[in-house]
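Construct all of the structure, not just a fragment, from the sequences and the given hints.
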Amino acid sequence: MKSAGPTPRNDLPLRHTVPNGLAVSLRDLRMTFPGQRGQPPVEVIAGIDLDVHVGEFVVLVGPSGCGKSTVLNILGGFQQASGGQIVVGGQPVHGPDPRRIFVFQENGVFPWLNVVDNIGFGLSKHSRAEREQLIAHYVEMVGLKGFEKAYPRELSGGMRQRVELARALAANPEIIWMDEPFGALDYLTRLKMRSDLVRIWQSERKTIVFVTHDIDEAVQLADRVVVLTPRPAKIAAIVPIDLPRPRDMDAPDYLHARDRIFEAMGNLALARGR
Amino acid sequence: MSLAQPRSTPTWLALLLPLTVAVIFIGIWHVAVSWTQSLIFPRPWEVVEGMLELATKGVLHKYIISSLFRVLWSFAIAALLGVPFGLLLGWWRPANLAFNPILQLLRPISPIAWIPLSILWFGLSEAAPMFLIFLSSFFPITLSSMAAVRNIQPVYLRAASNFGLGRFRLFTAVILPATLPQILTGLRIALGIAWLVVVAAEMVVVNPKAGGLGYLINDSRSAGRYDLVVAGMVLIGVIGLILDLLIRQLEKFDEVRWAYATQ
Numbered sequence: 023m024k025s026a027g028p029t030p031r032n033d034l035p036l037r038h039t040v041p042n043g044l045a046v047s048l049r050d051l052r053m054t055f056p057g058q059r060g061q062p063p064v065e066v067i068a069g070i071d072l073d074v075h076v077g078e079f080v081v082l083v084g085p086s087g088c089g090k091s092t093v094l095n096i097l098g099g100f101q102q103a104s105g106g107q108i109v110v111g112g113q114p115v116h117g118p119d120p121r122r123i124f125v126f127q128e129n130g131v132f133p134w135l136n137v138v139d140n141i142g143f144g145l146s147k148h149s150r151a152e153r154e155q156l157i158a159h160y161v162e163m164v165g166l167k168g169f170e171k172a173y174p175r176e177l178s179g180g181m182r183q184r185v186e187l188a189r190a191l192a193a194n195p196e197i198i199w200m201d202e203p204f205g206a207l208d209y210l211t212r213l214k215m216r217s218d219l220v221r222i223w224q225s226e227r228k229t230i231v232f233v234t235h236d237i238d239e240a241v242q243l244a245d246r247v248v249v250l251t252p253r254p255a256k257i258a259a260i261v262p263i264d265l266p267r268p269r270d271m272d273a274p275d276y277l278h279a280r281d282r283i284f285e286a287m288g289n290l291a292l293a294r295g296r
Numbered sequence: 009m010s011l012a013q014p015r016s017t018p019t020w021l022a023l024l025l026p027l028t029v030a031v032i033f034i035g036i037w038h039v040a041v042s043w044t045q046s047l048i049f050p051r052p053w054e055v056v057e058g059m060l061e062l063a064t065k066g067v068l069h070k071y072i073i074s075s076l077f078r079v080l081w082s083f084a085i086a087a088l089l090g091v092p093f094g095l096l097l098g099w100w101r102p103a104n105l106a107f108n109p110i111l112q113l114l115r116p117i118s119p120i121a122w123i124p125l126s127i128l129w130f131g132l133s134e135a136a137p138m139f140l141i142f143l144s145s146f147f148p149i150t151l152s153s154m155a156a157v158r159n160i161q162p163v164y165l166r167a168a169s170n171f172g173l174g175r176f177r178l179f180t181a182v183i184l185p186a187t188l189p190q191i192l193t194g195l196r197i198a199l200g201i202a203w204l205v206v207v208a209a210e211m212v213v214v215n216p217k218a219g220g221l222g223y224l225i226n227d228s229r230s231a232g233r234y235d236l237v238v239a240g241m242v243l244i245g246v247i248g249l250i251l252d253l254l255i256r257q258l259e260k261f262d263e264v265r266w267a268y269a270t271q
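Listed in order, the protein sequences are those of chains A and B.
Numbering-wise (our numbering), the first sequence opens with residue 23 and increments by one.
Numbering-wise (our numbering), the second sequence opens with residue 9 and increments by one.
Derived from the structure by calculation, the hints contain no laboratory data.
Since the model is a prediction, treat every value here as computed from it, not as a measurement.
Ideal Cβ placement from N, Cα and C applies to all residues, glycine included.
It is possible that part of the hints are untrue.
[To be verified] Over the 10 angstroms line for every Cβ pair with chain B, so calculated as not near, a few chain A residues:
1. A68
2. Q102
3. P114
4. G117
5. N129
6. G130
7. E170
8. G180
9. V220
10. K256
11. I257
12. L265
13. D281
14. E285
15. G288
[What the hints assert, rightly or not] In silico DSBU-like cross-links for lysine-lysine, where the CA-CA straight-line distance does not exceed 35 angstroms:
16. A:K147 - A:K214
17. A:K256 - A:K214
18. A:K147 - A:K171
19. B:K260 - A:K171
20. A:K147 - B:K260
21. B:K70 - B:K260
22. B:K260 - A:K167
23. A:K167 - A:K214
24. B:K217 - B:K70
[What the hints assert, rightly or not] Pairwise CB distance ranges (calculated):
25. A:K256 - B:L96: 42 to 50 angstroms
26. B:E259 - A:A273: 29 to 37 angstroms
27. A:N42 - B:L88: 53 to 61 angstroms
28. B:L165 - A:K256: 27 to 35 angstroms
29. B:E259 - A:D50: 49 to 57 angstroms
30. B:L80 - A:R150: 37 to 45 angstroms
Structural data, given as structure tokens:
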């Protein structure tokens, strides 16, 4: 795909580099929620080992309620794991960090700010001119030109997610965590958002860890798909997707990759029956 | 969008219907007074005459200004103290634990019950009615500001912490704008209550020289002038409506409209 988007920015210092080239390193990640009202504790994550390389696009898939969002919340610093080693950017995670930005499922943008002010939210330390330039750059990148002054309530769900993606990108993070960011959108919008995300990822080269329950979404986006088991989550399989982007959803290799993920989820019969 | 919502009503009908009801209401009033041949209860036009009489004597605008002055100052002080106090209670748990019980205990005490104490403390000075009005609006303002903080969507706080906001920016860039709509609703309710209470306060604790609409009603009752009693009531209704319409204008700003607009 030709890169039609804006040129990659070079106005900010290079992202800090990690010695071993690992953006994320999980060793025996465990999570157990205390039982409520006399119930026994609930084990959600039962030991996950995972490395994510700098610049890689990794997608976690698993059945609903399997604990994949919990993994992302722990990586994002919003939840504390019960056990294991969680290293992000070469350091143990102690909490949320502006060097990696979380993109929420929906309504993560601030409804009291218009598009421009939302995108500029993480840029308060920049000069006014720099800020305006960055905002304009990312407004264009996510395709929101002409909507600069609009408020989130005036935008469609897809456009609101574009605002949030732009807000994350503008802060120039090393990693972007995405928690089913297209889950609340209709089918066609979702397809368009995926292809735009791929285009943006190719020009920005951020590490992305993306959570979804949609297998097609995983195959279209990922360098590697990490398939999780039902709760308590363990890794069922890691499926590398070595296909050029944008990906042809009818190509035999694509269908093969999809089958492998279905298989790992124990649903191959269902996949064949479609 | 809901099925219960009617199709848009034509403008002429939206004007004609309430007007008809008003005319019928005034008609019944007139007929009822004529039929019972009441010597005390005024007919509608006698109320209008009473108002004109007050206006020509120059007391009408004086009383209106007195009442408005009391309400707006007491309300402003209550808002200035209540909003920050409520935000603090909503945000800082120790403050909440310390103050919430006593607030909940004081809140159900009607401002009317404070009248004896306000006379004891302030006599017949301006401070007496203003104290009562302050009390009536301070509690709703504080409690709605407190609730506003607790109702902030967790996702906004998560996003804020993700962008590494310091305490000051967290407050100015997220907490304040996120709570503003509910604070405004609390202010609107409190202003309505303050306007209700000013009448009661002026009936009991007011210097006759300063007057006020509540004073007008009570004074006219003593003089047997029921046309002026009703005139005072009508004025209170009209001014209360205008106050509410004015404060509602604030809800149209983009900074708060997001919370009221239905999606």
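> Any hints this thing doesn't respect? Which numbers, in order?
Replying inline: 4, 5, 6, 26
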